[in-house]
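Q: Residue strings, one per chain:
Number of protein chains: 4
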Amino acid sequence: VRVRYGETDQMGVVYHAHYLAYMDEARTALLGELGRGYAELERSGVGLVVRKVEVRYRAPARFGDELVVRVQLTRVGGASLTFDYDILRAGGTRVASGMTELACLDLHDPERRVRMLPDELRGLLAAES
Amino acid sequence: VRVRYGETDQMGVVYHAHYLAYMDEARTALLGELGRGYAELERSGVGLVVRKVEVRYRAPARFGDELVVRVQLTRVGGASLTFDYDILRAGGTRVASGMTELACLDLHDPERRVRMLPDELRGLLAAES
Amino acid sequence: VRVRYGETDQMGVVYHAHYLAYMDEARTALLGELGRGYAELERSGVGLVVRKVEVRYRAPARFGDELVVRVQLTRVGGASLTFDYDILRAGGTRVASGMTELACLDLHDPERRVRMLPDELRGLLAAES
Amino acid sequence: VRVRYGETDQMGVVYHAHYLAYMDEARTALLGELGRGYAELERSGVGLVVRKVEVRYRAPARFGDELVVRVQLTRVGGASLTFDYDILRAGGTRVASGMTELACLDLHDPERRVRMLPDELRGLLAAES
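Residue numbers (our numbering), protein chains in the order written: chain A, 3 to 131; chain B, 3 to 131; chain C, 3 to 131; chain D, 3 to 131.
Each hint should be verified, as a subset may be incorrect.
Identical copies carry no separate label here, and so any pair may be met within one copy or between two of them.
To be verified - Derived SDA-like pairs (lysine to any residue); straight-line CA-CA distance at most 25 angstroms:
1) Lys54 to Asp67
2) Lys54 to Ser82
3) Lys54 to Ala92
4) Lys54 to Gly93
5) Lys54 to Leu69
6) Lys54 to Met101
7) Lys54 to Arg124
8) Lys54 to Met13
Rather than coming from a laboratory, the hints here were simulated on the basis of the structure.
Predicted model, so just to flag it, every value in this text is computed and none were measured.
Extracted from the complex, chain A is given alone in its bound form:
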């Protein structure tokens, strides 16, 4: 990810909320590499929504920085997924680390209740975690 101008705040560093979008982008890319894009997953009626997030900010990132987001699937639950993240500057400095827990929702259900992960997705993820 390259830091955009609008992502900085008046302290001259990336505003803390934007890291959640960087983490989201990395998670999406990981799901895409596993063979099934998240957009397609949603079209099939399965949504993954963030239920919990934790971020620890370690060093500031600045406009123009090239950041690398390392993402790892750390837990596959019955109806949830947990990912860990490390955000590094190109040089190697760790800028932030975090985790997100996602719940699997049934988008065909008008109330969007939690549902089990589809077997196909579980199979793809099992190899990864």
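Got chain A sorted already, so can you dock chains B, C and D onto it with the hints?
A: Relative to chain A, chains B, C and D alone:
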């Protein structure tokens, strides 16, 4: 609108893209006052999407500033609406001015084609413009 | 806070990153009520930056929802502050809860090192926590 | 640019304000290719701020779309720059087009008044426009 910290950029002023959200919020409030909220309009299958936007930035706005967005419906077309905006600091300085043209879409149509404004909405708006 | 259209995502609910901005806005308002605005604090050379954040999402919030953010100062450290948050819909449903830990930085220091909280701020906060 | 999840809105398309950030990113990349990054320009005391923006939205962009932003410097004024943009989907469909006019500011001036473009920058840009 009160300027949020995350809306500033490293120059210490509001990043220019956020004015579009301020204008959107004012337009939504205006539609709400006319008797029908925009959320309800969408639920009935009618969407209004921005087709054109122009903004002229005149003075910077800063974190904590209280901004007033004056919005005026300037044109009711067959399938479009045009709004003008003035964004002022509480003191009266004009920070920005702009316009947006919105197209009316049929959300029940899978291709979301442009449709005429519903008569009911047109009636409500006629009194305003 | 009233949810803005641009804060929703394609699932029709508020994108999770925006809660951090809501929490920030509530924290800023609390500091303002304690007698000293955050903007003024920064001008005096003292910055508060988010070092850690946790959010637990409990129910979705939607466009047009009126959200109430309850914020409480839970800990005043030597060089840090901890806040807890509850985000509720006007009706009373709890939408999310969270915490942030802020570090106090010396903005006059070119390296922006951590510094002790200024005594004046500590005094104001002591009454609150 | 790859569209991020948080950039969509509840209509399932990219929220219109985000195009300004895409345009900004393309403009920054262009300045970088011309030999002098914008970050460095700011450090030397010269800022470029958006004074005017126009966008015409032609087709929706969706989550996961790969967008190409073509940017062209169309005018070098005494103290301003004008850029034109075309935003295309990878397939070739034109999603939006726009323009921005930027004013050159003296960041060493406490009042940040408009100043002439530095000769060095003007030289680099002359070849491009």
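Q: Between the shortest in-copy and the shortest cross-copy C-alpha distance, which are at most 25 angstroms for lysine 54 and arginine 124: within, between, both, or neither?
A: Classified as within: same-chain Cα gap 20 angstroms, cross-chain 31 angstroms, threshold 25 angstroms.
Q: Is the C-alpha distance from lysine 54 to alanine 92 at most 25 angstroms within one copy, between copies, in both cases, or in neither?
A: between (28 angstroms within a copy, 22 angstroms between copies)
Q: Check lysine 54 against aspartate 67 for me: Cα-Cα at most 25 angstroms, and say if that holds within a copy, between copies, both or neither.
A: Between copies only: 21 angstroms across chains, 27 angstroms inside a chain, cut-off 25 angstroms.
Q: Have a look at lysine 54 and serine 82 and pick one of within, between, both or neither, based on CA distance no larger than 25 angstroms.
A: both (11 angstroms within a copy, 23 angstroms between copies)
Q: From the Cα coordinates, with 25 angstroms as the cut-off, is the pair lysine 54 and methionine 13 best called within, between, both, or neither?
A: So lysine 54 and methionine 13 pass the 25 angstroms test across copies only (17 angstroms; inside, 27 angstroms).
Q: With identical chains treated as interchangeable, where does the CA-CA distance between lysine 54 and glycine 93 reach 25 angstroms or less: within a copy, between copies, both, or neither?
A: between (30 angstroms within a copy, 23 angstroms between copies)
Q: Please sort lysine 54 with leucine 69 into within, between, both or neither, judging by C-alpha distance up to 25 angstroms.
A: both (23 angstroms within a copy, 19 angstroms between copies)
Q: How do lysine 54 and methionine 101 come out at 25 angstroms by Cα distance, when the copy is not named: within, between, both, or neither?
A: Both: 8 angstroms inside a copy, 12 angstroms across copies.
The structure agrees with every numbered hint stated previously.
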